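The primary structure of each chain is shown beneath.
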Amino acid sequence: MEFVYSNGNGGAEAAFASFGAMHTVFEMVLVRVGEPRARSIAEKVRLLVTGIEKKISRHDPDSPFARLCSSGPGSPVEVDDEVFSVLQFCETFRKSTAGYFDIAVLSGNSVRPAYSLSPETKSVTLSGEDILLDAGGFGKGYALDRVRQLLVEEDVKDALLNFGDSSVTALGSHPFGDCWAVDVKTGGGTFRLKDSSLSVSGLRPDGTAHIMDPVDGSLVGFPGLVAVQGRSAFVCEVLSTSLYAAPERMRPAIISAFDGYSYKLIKQDMKQWIGENL
Amino acid sequence: MGAAGLLASSVPWLKGCTPAGQEEISGEKVRIGIIGPGSRGRFHIDNLLKIPQAEIVALCDNYKANLDKASAKVPSARRYDDYRKLLEDKEVDAVVIATPLNLHYRMTVDAFSAGKNVFCEKAMAYTMEECLDMYRKGRASGKIFFVGQQRLFDPKYIMIMDSVRKGEFGPVVNVRNYWFRNNDWRRSVPSPDLERHINWRLYREYSRGLMTELACHQLQNGTWALGMLPQQVMGTGSIIYWKDGREVFDSVSTIYTFPNGVNMTFESVISNKHFGMGEQILCKDATIDLASGRLYAENPKPRSGIRQLVGEIEQGIFSSSAFAGTSWNAESASADSGISIMPEAVEGDGSLEMMQAFCHSVLTGEQPPHVLEEAYYGSVLCLLGDEALLQKKILEFPEEFRL
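As given, the protein sequences belong to chains A and B, one line each in that order.
Number 249 in my numbering belongs to position 249 of the first sequence; there are no gaps in the numbering.
Just so we're on the same page, my numbering is the position in the second sequence counted from 1, plus 278.
With the rest of the complex left out, here is chain A:
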């Protein structure tokens, strides 16, 4: 883990910590926390995030997600409270986004719900063959919510958390501002975050598509970005993923079901580009 500490500005000490997780990089800036405690908190955060990754990564054969994916239909798999709760949320979000948030989108099977939950036994049962559950559309946001909770318990008032550039959470504000101000690299304005989060979905920086449309199973090639702002990083990521995949006409209806969340479409208009260049 990389750790940098600065007390060069009295009263506004800043710590930076960074480590790799979930195929990208987690990083955070903590303000007004003494160096030993900042180091200790950073280590706790690292353990928390990597612990979450171990639970929800389908690429780790020992993870509950991987065990679940290989279990086959009709075979209940017992999971811990956290995984059970995450799967409950995911199914709720699937329904409330008209199916455009779907952690089973990579499955070779279109049966939905893709799994059933048994609260009595805390077990999960897949609904059919060839079901693949993937945390790619929410994992970073979920982890950020858990980290924010940890920081609150540690009495950290001001911090900025960045998970792979696409999921951002702010606690309090910048020591010399009234918020944490974050810009999207490709333009689209400044997002002023204060005890709130931001999630951005779209084509990867190299232009490749990676988000699938759960309705027709195709990769979404929309050249613009969807940025969602709101309290929970988990919900923001769910919404940015689903709003990016959903047709434009459905987006207002989807966001209206989530109080306190707003989205911004950052369009890169191909027709305009054609008019200017061809």
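Honestly, the hints are just simulated from the structure, not real lab data.
Treat the hints with caution; some may be incorrect.
Unchecked claim - Quick list of in silico lysine to any residue cross-link-like pairs, SDA-like style, CA-CA up to 25 Å:
hint : chain 1 : residue 1 : chain 2 : residue 2
1    : B       : K671      : B       : N541
2    : A       : K157      : B       : A600
3    : A       : K185      : B       : N577
4    : A       : K194      : B       : Q586
5    : B       : K671      : B       : M406
6    : A       : K185      : B       : Y574
7    : A       : K185      : B       : S570
8    : A       : K157      : B       : F596
9    : A       : K185      : B       : G589
10   : A       : K185      : B       : Q586
11   : A       : K157      : B       : Q593
12   : A       : K157      : B       : S597
13   : B       : K368      : B       : E407
14   : A       : K185      : B       : E576
To be verified - So these bits of chain A aren't anywhere near chain B, every CB distance computed over 12 Å:
hint : residue
15   : E13
16   : G34
17   : S40
18   : E43
19   : D62
20   : D81
21   : E248
In this text the structure is predicted, and so the values were computed from the model without any measurement.
Ideal placement from N, C-alpha and C gives every residue a C-beta, glycine not left out.
Put chain B on the given structure of chain A with help from the hints.
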């Protein structure tokens, strides 16, 4: 010049470009005749005019318009319309040959017979047999013989090839070369009877097309990086868009395979320019983009979007941070913006340094090691590739052309 100085210790053929090398020949001059001062020939004239040890004393072209343009640059130079007359000029020490490809062999051989030192444009000659004969005659003459492969003098190529050869980026696993343009490759012709004379690159009698004009430079990258010759070549060529009477392909794709199985490709299309010119060496741990002069790690160190906030807070600065975007993934090709091969931008492509080295060699009488051999193989490989395209066969590298 500075970069050349830094690199000269590892690359002996750069000696002539260093301050020490230039000092060796200060006050002396090479008297040079330019045979074929067309666009490329005049480019060399411009470089030679920057070199104190070069004096252009003669010009030769059977196309008066080009001769006049060259004379305007060097009014004092004697004018000839027959290269044999220029070769008889006792006041000429060295010739620069920048004529159509099919003339390189005859003119070079005649120049050696006349006791001249020779700088010949690439490709070396029209056939592999001619290349080999030129090489042998050049060496036997004891005269200096350069062929215009300027990448050998380009500091960024030299610096990176040194590291590649040392294995600093892991083994070379592939070499990709391409050159895409979107134009008809024609020059304007004042009179129809000059069509073949001016647009010689389009006709088989004079040229081997994209392979000799473009591939020749790029194929050198593979042999340089791998330190060996390809053992076979295959490919295909067609006239797909510019069906205007030309005889050479306007689209070619070739694959050269080295003894260790590594492939090197050369592709060229002149009806789409989107990807431009590219020369890439793919190693196990890094990718080298020679055209842009950048180096990309296979496993880049994690980058930071917000680390700079620490410094800003230290300075009491509050401003927005532009880092948010779509999910960055360690496997995403664009995640690593790479680094520049040279710490500072280097102007030019080695052409000036190549002429400096030529003048140095003529004045000292020392043929620098490797330069001619590298150029010879660059030419033989592009000609072998063109043969593969014409014969529609996989061709082995012929042992009789190995030096």
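Exercise. Kindly indicate which numbered hints from before are broken by the structure, ordering the numbers from low to high.
Key: 13, 15
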